[in-house]
Amino acid sequence: MVSSTFVVALLSLAGSVSANGFGGLARGGSFNFGCGFSIKEKASHEQKDWCSGAGSFFTDFGGSPLCCSDKTRQPPKHENECPFGWSKHFKTDCCIPPKEVSPCDCGEGYTYDKKTHKCVKAGGKCHGGQWWHERSGTCCDNDWQWNPPKGDCPPGKSCPKGWFWHKQLKKCLPNGPGSPEPGCGDWDDHNHCCGGGNPGPSGKPQGGKGQSSHQDGQQPLNFPQTDLDKMYCPGSLHACTVPSALGGEWAYECVDFATELEACGGCLGQGGQDCTSIPHALSVGCEVGSCAVYTCKQGFQANGTSCVPV
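Be aware that the sequence shown starts at 1, since it is given in UniProt numbering, and climbs by one per residue.
To be clear, the hints were calculated from the coordinates, so they are not data collected in a lab. Where is the CB? At the ideal position from N, CA and C, for every residue including glycine. All the given hints hold, so there is nothing to weed out.
Label-pair restraints from in silico Cβ distances: (1) 306 <-> 122: 52 to 62 Å; (2) 290 <-> 310: 22 to 32 Å; (3) 189 <-> 123: 15 to 25 Å; (4) 295 <-> 42: 46 to 56 Å; (5) 73 <-> 143: 33 to 43 Å; (6) 271 <-> 304: 11 to 21 Å; (7) 167 <-> 129: 13 to 23 Å; (8) 38 <-> 301: 49 to 59 Å; (9) 42 <-> 298: 50 to 60 Å.
Construct all of the structure, not just a fragment, from the sequences and the given hints.
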């Protein structure tokens with residue numbers, strides 16, 4: 001691509017990005033599950049074929065490469081076996097994320113086991129018919145799923161989806177094991193409810209290089225960054241995959257969707273347009289994410305977005 005603002009970030013760098021804390025009590029974070037080149041170079045030709053498409057990536061499974069792609073994903077067999085939105089690998093039977101940079105929420109009462117790549121029940125000393133809720137330090141009754149001791153939240157307070165206000169304990173608790181983590185932006189860790197005035201999760205990948213600032217002239221509101229963009233690209237640039245010379249590997253090119261001629265308005269194959277491929281055009285531009293045609297070859301004239309016969 002012809003751009004003065006691109007940066008290439010090889011996937012082999014992903015192994016240096018920390019994912020400490022995923023599966024714990026942190027809320028709203030996304031984590032990089034990619035692995036470094038030293039792991040990916042162990043992949044067989046068959047594995048590289050599975051991971052040869054855009055959006056595919058390798059993750060580290062016990063020191064060996066594990067391909068995450070449409071060719072290797074299948075639905076989980078059991079409830080609460082994998083984090084929300086994840087799949088099972090069709091050969092190893094472990095859980096794999098939908099994207100290289102993904103959230104990892106196993107649900108309340110569960111935690112992510114980094115060795116088995118599966119969700120497991122959290123520990124805790126509770127009596128029979130109860131389960132341990134680590135976030136609140138409470139033994140919760142199993143029958144709350146059907147008959148919760150529900151009360152009214154205090155004024156200005158509320159409970160997250162899948163949670164209820166316990167009328168005796170005076171805090172929000174999950175309906176049952178597997179309820180999603182608190183998703184409200186003002187979750188109060190002290191009083192265990194929404195409406196505490198605390199800042200919500202930033203959405204920025206843990207250990208990533210995302211920045212909230214943007215370059216002059218860019219349109220961050222028109223083209224918001226994804227978690228993957230924030231992980232690999234500075235400012236408000238966006239990560240588009242391009243084949244590398246490593247065979248079965250992919251690299252990211254950081255582009256400005258508002259001005260990039262060959263990825264105007266988005267990555268190619270994902271809604272973007274290559275303005276340089278407009279038929280019969282001599283000079284073109286990318287203006288705020290839309291291709292503009294300025295001049296055309298002899299016998300054609302520009303109508304703003306294309307060349308038409310005269």
